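Undergrad: Quick note, the sequences are listed as chains R and X, same order. Each residue of the first sequence is one higher than the last, beginning at 1 in the UniProt record's numbering. Each residue of the second sequence is one higher than the last, beginning at 1 in the UniProt record's numbering.
Don't take every hint at face value.
Below, simulated DSS-like cross-link-like pairs (lysine-lysine); rule was C-alpha separation at most 30 Å, straight line [to be verified]: (1) K10(X) x K58(X); (2) K56(X) x K85(X); (3) K234(X) x K260(R); (4) K260(R) x K300(X); (5) K234(X) x K85(X); (6) K56(X) x K10(X).
Keep in mind that the hints were calculated from the coordinates and are not lab data. The structure presented is a predicted model; accordingly, all values stated were derived computationally and were not measured.
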Amino acid sequence: MSTLLQAKGLIQQYRTAKTFLGKTSTMRAVDGIDLTVREGEILGIVGESGSGKSTLGRLLLGLEPPFAGEILYRGHPMPEPRTPAWRRLRAEMQLIFQDPLSALDRRLTVSAQIGEPLEIHGLAAAGSERDERVAELIAKVGLRQDQAGSYPHELSGGQRQRVVIARALASNPRFLVCDEPVSALDVSIQAQVVNLLRDLQDREGLTMVFISHDLKVVRNICDRVAVMYLGRIVEEASSDAIFSDPRHPYTRALVSSVPKIGAGLHGRIILQGEPPNPAARPSGCAFHPRCRFADADCAATIPELELHDGRLAACRKLRHTLRSAA
Amino acid sequence: MSFVSVRDLKVAFDGVQVLHGINLDVRRGEAVGLVGESGCGKSVTWLAALGLLPGKAKVSGSVTVDGQELIGASPRRIEAVRGAKIAMIFQDPSSALNPVHRVGRQICENLRLHRGLRGDAARTEAIRLMDIVGIPSANTRFDLYPHEFSGGQCQRVLIAMALAGAPDLLIADEPTTALDATIQAQILDLLSNLRRQTGMAMVFISHDLGAVSTVCDRAAVMYAGRIIEANDIKQLFAAPRHPYTRGLFDAIPDLDAGRARLSLIPGTVPDPKRLPQGCAFAPRCARAGDLCREYQPELKEQTSTGLTACFHPIPIGSANRQEVFA
Chain R
1 MSTLLQAKGL IQQYRTAKTF LGKTSTMRAV DGIDLTVREG EILGIVGESG
51 SGKSTLGRLL LGLEPPFAGE ILYRGHPMPE PRTPAWRRLR AEMQLIFQDP
101 LSALDRRLTV SAQIGEPLEI HGLAAAGSER DERVAELIAK VGLRQDQAGS
151 YPHELSGGQR QRVVIARALA SNPRFLVCDE PVSALDVSIQ AQVVNLLRDL
201 QDREGLTMVF ISHDLKVVRN ICDRVAVMYL GRIVEEASSD AIFSDPRHPY
251 TRALVSSVPK IGAGLHGRII LQGEPPNPAA RPSGCAFHPR CRFADADCAA
301 TIPELELHDG RLAACRKLRH TLRSAA
Chain X
1 MSFVSVRDLK VAFDGVQVLH GINLDVRRGE AVGLVGESGC GKSVTWLAAL
51 GLLPGKAKVS GSVTVDGQEL IGASPRRIEA VRGAKIAMIF QDPSSALNPV
101 HRVGRQICEN LRLHRGLRGD AARTEAIRLM DIVGIPSANT RFDLYPHEFS
151 GGQCQRVLIA MALAGAPDLL IADEPTTALD ATIQAQILDL LSNLRRQTGM
201 AMVFISHDLG AVSTVCDRAA VMYAGRIIEA NDIKQLFAAP RHPYTRGLFD
251 AIPDLDAGRA RLSLIPGTVP DPKRLPQGCA FAPRCARAGD LCREYQPELK
301 EQTSTGLTAC FHPIPIGSAN RQEVFA
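Bound-form chain R, shown alone:
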């Protein structure tokens, strides 16, 4: 598989609000990420709130320039935001959000919403050509043609998400970032939307980055998974490997925290404490205050994402166990 998108040393930081004494500090949402997205794959990004998943998604799309590092799309650097080259790239890359109601314009009908990107990117002339294309998109995402004249509030949550997906597909994108696309939906509707995304990926060979905190959905849809903790990737592997044999202590706890039907609470790893505040990052490995295996070394140096036994993980302990085993 060829590389579609490559991120190198990506850092994004934001200023926090002024305190009443006028002091500001910076917080790093994304803190040094190298990531490759291959053509035609679905890459999952998992992590808890505040781990920087959504910021990473926006950086990959070039919606905001990174503080440091660079992104290569098909081997070329991402153009500056709001330049003509950047606008042309918008048609090729699309974002699907979590909350379809706020992503849609309440005063526009379904067909107007779906037709808007066609107009913006000049892809179909107004009139019958556009109507045809909109009808085609409506069919593609499994909506009924008679719903074209409906407004968002007349649709159910799952149908709204289908409209959002149809709108994203209007410009024939090659790369989709889905940011928690099914989190707001009920179980039975969630399955419908997940299957729709899979079918679209199969049929059109789309490349997707699928951001979610729902591990079960990620397990089902993704080829490869990157696990984030406080702005860094702590483990990256194929979906099968991550879920059947997690290596990083955080990944292990995360995978074990998913309630299994019929298994009760036995054998689950219950982590102590909460994910730390990105504005007050712990020294060394950010996970060390919650880690069962951490020692003084872990608090001192930040572990790099490197190969341990053929697997990419950022944990000093993995290296030591392997050394002692060798």
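Using the hints, position chain X against chain R.
TA: Just chain X now, with coordinates in the frame of chain R:
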């Protein structure tokens, strides 16, 4: 004898009936799960039972707690039961706390109302409760405001407030839905430990079947304002009899399974204003026959412990989906 007994509970808003006669019992010390998708009436059942619905809601039927009838009772009598015998925690912990009062004061308020504790005695007891629910250094955090706590800790504070009245029954309405995976595991662990220590009963309302299966003894599945299946956890998950229950289980991706397509329930939940005649699930059900489209099946005993409201329940021992929906 059961501690709470709900008989033929019906609720209508503006003439639209949303609960169609709920029968449910909770015995002392047991944990009962209530599952279903949004709008099925799982929360309304308990809000109606405790007199927490707005005045325009028309509630009929009977709810007895420890032998005392609540429906139609004076607000004073209901208040004596609520809080002292029954406490409730909600999905969004940060909006359930008062943002302008210190956390400790909010816990003390409950202690004063339900146990008449004041001053130092209340403070000592509040700190003890904060300790029990796992808030680190409770002593110093007593005087903090809710915004200084994370989501998981706010939920712990609410649990502490619920425990202040030493309730016999805790109603937890989606208590872990808004929380991150590892924090979710912590709260589930805390709830089942508390139940073991205090012997209180629990009603766990959730759409997360995995979470329900880890903390409950029994569960009832709701669809369109009715209980359609009830059984003990093991049997319910091993052999669901109602096609909706089965469909709901199948729609959840399995962490141990590969990337198979999700099986799904076609269509969406019906609008309470336009319920189909007969079984509300019939239009989405592959097993439905003429009888189902004509008459409403009653919740009847099907196995030794289980109740199912279906004319064509899934036979016990049909392992895979192909057999079921053939």
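Undergrad: Now tell me, hint by hint, if it's right for this structure.
TA: Each hint, compared with the structure:
A hinted pair counts as satisfied when its Cα atoms are at most 30 Å apart, and K10(X) with K58(X) qualifies at roughly 8 Å. In summary, the hint linking K56(X) to K85(X) is supported, as the alpha carbons are separated by about 26 Å, within the 30 Å threshold. A threshold of 30 Å between alpha carbons decides the hint, and for K234(X) with K260(R) the separation of about 12 Å falls inside it, so the pair holds. With a C-alpha separation of about 29 Å, the suggested pair K260(R) and K300(X) falls inside the 30 Å cut-off, and the hint holds.
Under the criterion of a C-alpha separation no larger than 30 Å, the hint pairing K234(X) with K85(X) is consistent with the structure, at around 29 Å. Taking the CA atoms of K56(X) and K10(X), the gap is near 14 Å; set against the 30 Å cutoff, the hint holds.
Comparing the model with each numbered hint stated earlier shows that all of them hold.
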